[in-house]
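Chemist: Sequence:
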Amino acid sequence: FDDTHIITSGINGSLKNVQFAKDTITANINIAAKDRSGFEIKKLSAAYKFTPQQMEFNDLDLITNRSHIKNYFVMRYKDFNDDFANFEQSVTLEAIFTGSEVSSDDIGYFAPELKTWQRLFLITGNVAGTIDNLSANKLLIRSGNNYFDGDISIKGLPNANETYLNLKSNDLRTNYSELATIIPSLR
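Those letters in the sequence shown? Residues 31 to 217, by the numbering used here.
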């Protein structure tokens, strides 16, 4: 993934109830945008809050080409410019997903190897950490005949060859053909 290749156009939106209080901006946002790659944010609405230490999206409703993500997302940082320049290691993400749908086709714009999966993942749970050290608890994931209920920790992203995945499963259901779709090296 190379964020320098993101070129966004057709940005439309509205801001309502905008408030400035010292170093904090809050607003109800509703935004749409397109990237030259074909990735589209059809709708991003939230109660938005921007401070020197965080960017928060409460009551999040994000609709993209094939995904629908709901509930809550925040990015925390110590220094906006410095930490975003080293995003994978320095910006802490927190999300609470409720009945969200994430398509591998959409993820594929950022991680092209996932485009071939052609999967829709139904996700509910809590996610926290930096991209290179991410964990999720009380996580429910469904896709096709795959089902996972448990906790996950992932260390090493975005470098897939150096990434470790640790699962604590309360309930895991899958089969060979389903797994081979997601992990082609099993074939």
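You may find that some hints are simply not true.
Derived DSS-like pairs: lysine-lysine, alpha-carbon spacing no greater than 27 Å straight-line [said to hold, decoys possible]:
| id | residue 1 | residue 2 |
| --- | --- | --- |
| 1 | Lys79 | Lys145 |
| 2 | Lys72 | Lys52 |
| 3 | Lys108 | Lys145 |
| 4 | Lys108 | Lys198 |
| 5 | Lys198 | Lys185 |
| 6 | Lys79 | Lys198 |
| 7 | Lys52 | Lys79 |
The hints are simulated quantities; they were obtained by calculation from the structure and are not laboratory data.
Computed from a prediction, not measured in an experiment: that's the story for all the values here.
Chemist: Hints first: check each against the structure and report whether it holds.
Modeler: Consistency of the hints with the structure:
Only pairs whose Cα atoms come within 27 Å are accepted, and lysine 79 paired with lysine 145 is rejected, the gap being roughly 33 Å. Between lysine 72 and lysine 52 the alpha-carbon distance is near 32 Å, which puts this suggested pair outside the 27 Å criterion. Pair hint lysine 108 plus lysine 145 does not hold up; C-alpha atoms about 34 Å apart against a cutoff of 27 Å. The suggested pairing of lysine 108 with lysine 198 is violated, with an alpha-carbon distance near 31 Å, which exceeds 27 Å.
A threshold of 27 Å between alpha carbons decides the hint, and for lysine 198 with lysine 185 the separation of about 15 Å falls inside it, so the pair holds. Restraint check: the Cα-Cα separation between lysine 79 and lysine 198 comes to about 34 Å, which exceeds 27 Å; the hinted pair is violated. Simply put, lysine 52 and lysine 79 have alpha-carbon atoms about 13 Å apart, close enough for the 27 Å limit, and the pair holds.
Comparing the model with each earlier hint shows violations of hints 1, 2, 3, 4 and 6; every other hint is respected.
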